[in-house]
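**Student:** Each chain is listed here by its residues.
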Amino acid sequence: DQQVKQNSPSLSVQEGRISILNCDYTNSMFDYFLWYKKYPAEGPTFLISISSIKDKNEDGRFTVFLNKSAKHLSLHIVPSQPGDSAVYFCAASAGSGSGNTGKLIFGQGTTLQVKP
Amino acid sequence: DGGITQSPKYLFRKEGQNVTLSCEQNLNHDAMYWYRQDPGQGLRLIYYSQIVNDFQKGDIAEGYSVSREKKESFPLTVTSAQKNPTAFYLCASSWGRSRSQPQHFGDGTRLSIL
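Chains as they are written, first to last, in the numbering used here: chain A, 34 to 149; chain B, 6 to 119.
I should point out that these hints are in silico values taken from the structure, not numbers from a laboratory. This one's a predicted model, so the numbers in the text were calculated from it and none came from an experiment. All C-beta atoms in this analysis are idealised placements derived from N, C-alpha and C, irrespective of residue type, glycine included. It is possible that part of the hints are untrue.
[Stated by the list, open to error] To spell it out: a stretch of chain B is covered by chain A in this simulated footprint if at least three of its residues, at any positions, have a beta carbon under 8 Å from a beta carbon of chain A; those stretches are: (1) 38-47; (2) 79-88; (3) 106-114.
[As the list claims (entries may be wrong)] To give an idea of the chain A side of the interface with chain B (calculated C-beta under 7 Å), a few residues: (4) THR59; (5) PHE63; (6) LEU67; (7) GLU75; (8) GLY76; (9) PRO77; (10) GLY135; (11) PHE139; (12) GLY140; (13) GLY142.
Starting from the given sequences, assemble the full structure and let the hints guide the process.
**Tutor:** Right under this line is the structure:
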């Protein structure tokens with residue numbers, strides 16, 4: 034059972050435009066969400082995160098939006114640059130305090146291509 | 006320069022053979038994790054360890070074993086019981102229960118069957 038889903042395997046956008054990557058989750062216990070970026074043959078690198086007490090978090094060109102009622106989050110990249118071309122994974126974790134094991138559940142990833 | 010080092014980058018396994026993937030970190034992180042990535046799929050958790058000499062099974066632990074004798078090291082052994090070992094293996098580390106500190110990843114080991 035896929036608890037974190039990225040339903041779009043790929044996305045292509047023009048340089049300078051907005052990229053919107055989507056992620057849905059099913060487990061209502063998830064309360065912390067992260068986005069990672071991955072280049073081929075490399076490990077993922079952390080981009081941005083959001084706690085369930087917020088609905089938006091912004092870091093430079095990257096903004097993550099969380100809609101708890103819809104169990105949906107999205108990553109906006111504005112403006113998109115060719116160097117942003119990579120695979121983007123969303124991840125979720127559940128629990129706080131002694132219940133938190135640090136475990137992350139990852140989506141399948143979305144390959145973003147930004148065309149010059 | 007702090008980070009996570011995985012070796013080797015490429016590894017080949019013969020049928021019936023056990024192989025061990027190395028993961029070393031110098032970030033002084035308490036927790037370490039092993040993930041497996043297959044084409045078109047996300048990262049799936051194999052094993053994790055929050056403290057030295059302790060580790061827990063993840064979602065797909067069958068056919069794998071780990072040890073955590075030192076804080077810096079978390080080797081993964083792919084045993085002959087793992088019938089479909091061909092995959093990209095990623096090691097990660099973090100401060101553990103502090104979720105504001107995200108997991109950092111190594112550059113992975115690609116394992117193939119001869």
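**Student:** All hints, please: hold or fail.
**Tutor:** Hint check results:
1. Coverage of the stretch 38-47 of chain B by chain A holds. Counting CB-CB distances below 8 Å, 5 residues qualify, and the rule asks for three or more.
2. Chain A is given as covering the stretch 79-88 of chain B, and this is violated because 0 residues of the stretch bring a CB closer than 8 Å to a CB of that chain, at least three being needed.
3. Coverage of the stretch 106-114 of chain B by chain A holds in this model, with 7 residues showing a Cβ closer than 8 Å to a Cβ of that chain against a need of three.
4. Hint status for THR59(A) relative to chain B: violated, with the closest Cβ pair at about 14 Å, above 7 Å.
5. For PHE63(A), the interface hint is violated, since its Cβ never comes within 7 Å of a Cβ in chain B; the closest pair sits about 11 Å apart.
6. Taking 7 Å as the C-beta cut-off, the interface hint given for LEU67(A) holds, the closest approach to chain B being about 6 Å.
7. A hinted interface residue such as GLU75(A) counts as satisfied when its beta carbon comes closer than 7 Å to some beta carbon of chain B; here the least separation is about 5 Å, so the hint holds.
8. Hint status for GLY76(A) relative to chain B: holds, with the closest Cβ pair at about 3 Å, below 7 Å.
9. Interface restraint check for PRO77(A): the shortest CB-CB distance to chain B comes to about 5 Å, inside 7 Å, so the restraint holds.
10. Restraint check, GLY135(A) versus chain B: the minimum CB separation of about 5 Å is within 7 Å; hint holds.
11. With 7 Å as the threshold, the beta carbon of PHE139(A) comes within range of chain B, its nearest partner Cβ sitting at about 4 Å, so the hint holds.
12. For GLY140(A), the interface hint holds, the least distance from its beta-carbon to any beta-carbon of chain B being 5 Å, beneath 7 Å.
13. Against a cut-off of 7 Å between C-beta atoms, the interface hint on GLY142(A) holds, since the closest Cβ of chain B lies about 6 Å away.
In this structure, the hints that do not hold are numbers 2, 4 and 5, in rising order.
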